[in-house]
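Q: Single-letter residue listing:
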Amino acid sequence: MKHFAIRASMVLAGLIGLANVSFAEGFTLSEEPKIAMLYISPTNDGGWTQAFDEARQKLEDELDVSIQYVESVPETASAIRPAVARLIQRGANIIIGTAFGYSDTFAALAEEYPDVAFLNGSGTTNADNLLAFYGRTYESQYLCGMAAGAASPTGKLGFVAANPFGQVNWTINAYAMGAREMNPDATVTVVYTGAWNDPTKERAATQALIDQGADVIGQHVDTPTPQLVAQENGVYGTGHHRDFREFAPEATVCSSVWVWDRFLKDELEKIIAGNWEPNPYGALLSMEEGGTDIACCGPGVDAEEEAKIMAARELLLNGELDIYAGPLSDQNGNVIAAEGETVSDGDLWQMDWFVDGVITQQ
Amino acid sequence: MALISSWLGNTPEFAVPFALAALGLIITEKSGVLALGAEGLMLVGAVMGIGAYLSIENTPLALIAAMVSASVVSLLFALMVLVMRINQVISGLVLVFFCQGLSTWIGSQFGWVNRPVPGLSEFAVWGLADIPILGRVFIQNAVVYATPLIFLLSVWALYRTTAGLRLRAVGENPQAGDAAGIPVLGYRLAAIVIGAALIGLAGAFISVLSTKLWIANMTGGRGWIAVALVIFARWSPWKALAGALLFGCIEALIPQLAASGIKLSQYFVFMAPYLITLGVMIWVAVSKRDSSSQPGALGSPFIREERT
Chain B
1 MKHFAIRASM VLAGLIGLAN VSFAEGFTLS EEPKIAMLYI SPTNDGGWTQ
51 AFDEARQKLE DELDVSIQYV ESVPETASAI RPAVARLIQR GANIIIGTAF
101 GYSDTFAALA EEYPDVAFLN GSGTTNADNL LAFYGRTYES QYLCGMAAGA
151 ASPTGKLGFV AANPFGQVNW TINAYAMGAR EMNPDATVTV VYTGAWNDPT
201 KERAATQALI DQGADVIGQH VDTPTPQLVA QENGVYGTGH HRDFREFAPE
251 ATVCSSVWVW DRFLKDELEK IIAGNWEPNP YGALLSMEEG GTDIACCGPG
301 VDAEEEAKIM AARELLLNGE LDIYAGPLSD QNGNVIAAEG ETVSDGDLWQ
351 MDWFVDGVIT QQ
Chain X
1 MALISSWLGN TPEFAVPFAL AALGLIITEK SGVLALGAEG LMLVGAVMGI
51 GAYLSIENTP LALIAAMVSA SVVSLLFALM VLVMRINQVI SGLVLVFFCQ
101 GLSTWIGSQF GWVNRPVPGL SEFAVWGLAD IPILGRVFIQ NAVVYATPLI
151 FLLSVWALYR TTAGLRLRAV GENPQAGDAA GIPVLGYRLA AIVIGAALIG
201 LAGAFISVLS TKLWIANMTG GRGWIAVALV IFARWSPWKA LAGALLFGCI
251 EALIPQLAAS GIKLSQYFVF MAPYLITLGV MIWVAVSKRD SSSQPGALGS
301 PFIREERT
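Chains as they are written, first to last, in my numbering: chain B, 1 to 362; chain X, 1 to 308.
In short, the hints are calculated from the structure, not lab data. Being a predicted model, the structure only gives us computed values, none of them experimental. Just so it is clear, CB atoms sit at the ideal spot from N, CA and C, and this is done for glycine as well. Treat the hints with care, since some could be wrong.
[Unchecked claim] Rough simulated footprint, nothing fancy, chain B against chain X, three-plus residues with beta-carbon under 8 Å:
hint, region
1, 84 to 92
2, 200 to 214
3, 252 to 260
4, 266 to 280
Excised from the complex, chain B in its bound form (with noise of 0.2 Å):
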């Protein structure tokens, strides 16, 4: 009886325990803050990686605090976990990780490090000290197929993305209707080349595209390649993470780019100011929250295009356009969304539908 009574009190113990964390106050650093970055690629990558690295930059000074960085370090627990402990051991307890890979290791290093506040661009899982962000990429590659569709004399637009799941997807469906805005007949032919970065079959792609009549090249890849093949070949082209004007100038008429340092700067003056409460179903990122915006516009698009262009960007950044907003319905007829909804973030990551104009293989 007695022992009865202590392993109830025990239990009893146990639960109070528990209801006294879910009704704790949000998370909060025991120490000054100390920042660091985990990169997935070099710095000098000329995409993804580097954009992080532009934010890094543009942090220290906002936030007038040292960032330090890891960088190349490949998605696997083995290379994550050492990496993320030293930078502990050395005082960091903001972690800042860049790729959907690390997701399974922070979500375990989160569990592992409660004082530590987790961050990862394109990760998957969430916690009370882990947040995953990415961004609407949708809203500016609409902007960008506004410049596409404008820029083209044809309305044959070609289109290089990685691979058809939801987050790709999004970015075509974006782009055609943002062409279809400046002409309403123009069509997008895609090409998956099935990796992220093989700039071989990016400049088959490309080339292919080009030559079948296409002459303004989208991308969602990582590499610059599908805008130096539109240079060489006298066409245009949009370009992806960053504004790709540096690579091909004559080409490139827009560019959908990064500006993480908009998101990071709110969220870790959040983190610093203490009681920080992740969204446990990670940050999903519009223009108006930070993320992503256009470098806009190179040659071919005309001073008034231009206007059309930027006063769409306008709204996007106040919040007021929804791409995904009703009446919307794809390419067989069938209603995506009615007038008056819009589709649901979890509808978004499962994209497998096209809007009219699409032209590909699925």
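Since the structure of chain B is provided, determine the placement of chain X on it from the hints.
A: Chain X in isolation, oriented as in the chain B frame:
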């Protein structure tokens, strides 16, 4: 028609890296050294070709620098398999992993990632380029035109010269070669170094001439396809060239089909080259059980005192 014309026109550019890498492998393997390291040596050629171009801005010299670099790295492989007599399969695999790390490190250390280069200009063969449909095949860069010549020269050297005879003898029966006074390890070393130069050129072709920029691990398994090519070509250079053209055809067709919007599952298309590798291998195995074309001493180290 536009599809077929540009498909055929793009085929040589895809076929050349396979062809050169396969030829390099055949030269090395004819001497009895099993060379699985092609993927690694191609990566070395790819990164050093771009690096050399960015440093000296001369494309022919950059290609030569890539060939020399791959040869230098292959000395390490030669040290492992000829001097230390480490298992050739293991040494080949180690070479690939080593080169993956080495090329990534060098390329990112010097900031060669995503730096575009101009490549070589393409020129037309007079008269032939005007043929309808087929014409685009004859608008290529100089290395594409040089590839059949390199094959001719290699076949002549392998089968029509004393040095070639000795190299093959060393690969068939090193003991007999040794008894005849042929320096076995010397010939094997030469075969490794020359083969590596061609494989390095294949890698540099991908980065400097075809893709015109470099990123880490950009050969994307094409070195492994070359290894498979050599096996199904039964160590015959001409069959390897034909195989390379077949693969070039498929690689060039995939984006053309997609760009023309022909409905065909993407995943099936990605699988197609490997499916065809498998198919051809099975066909070769079934059609003739001819193991005699494989160099007799392939994969076994030479130890002078040992009787086999």
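Q: Per the coverage rule (Cβ-Cβ under 8 Å, at least three residues), is the region 252 to 260 of chain X covered by chain B?
A: It holds: at least three residues are needed, and the region 252 to 260 of chain X offers 8 whose Cβ sits within less than 8 Å of chain B.
Q: Count the residues of the region 200 to 214 of chain X whose Cβ falls closer than 8 Å to any Cβ of chain B, and tell me whether that reaches three.
A: Coverage by chain B holds here, the residue count being 5 at a Cβ distance below 8 Å.
Q: Can the region 266 to 280 of chain X be counted as covered by chain B under the rule of three residues or more with Cβ-Cβ separation shorter than 8 Å?
A: holds (count 3)
Q: Counting residues of the region 84 to 92 of chain X whose CB is closer than 8 Å to a CB in chain B, do you get three or more?
A: Coverage by chain B is violated here, the residue count being 0 at a Cβ distance below 8 Å.
Violated hint: 1 only; the structure is consistent with all others.
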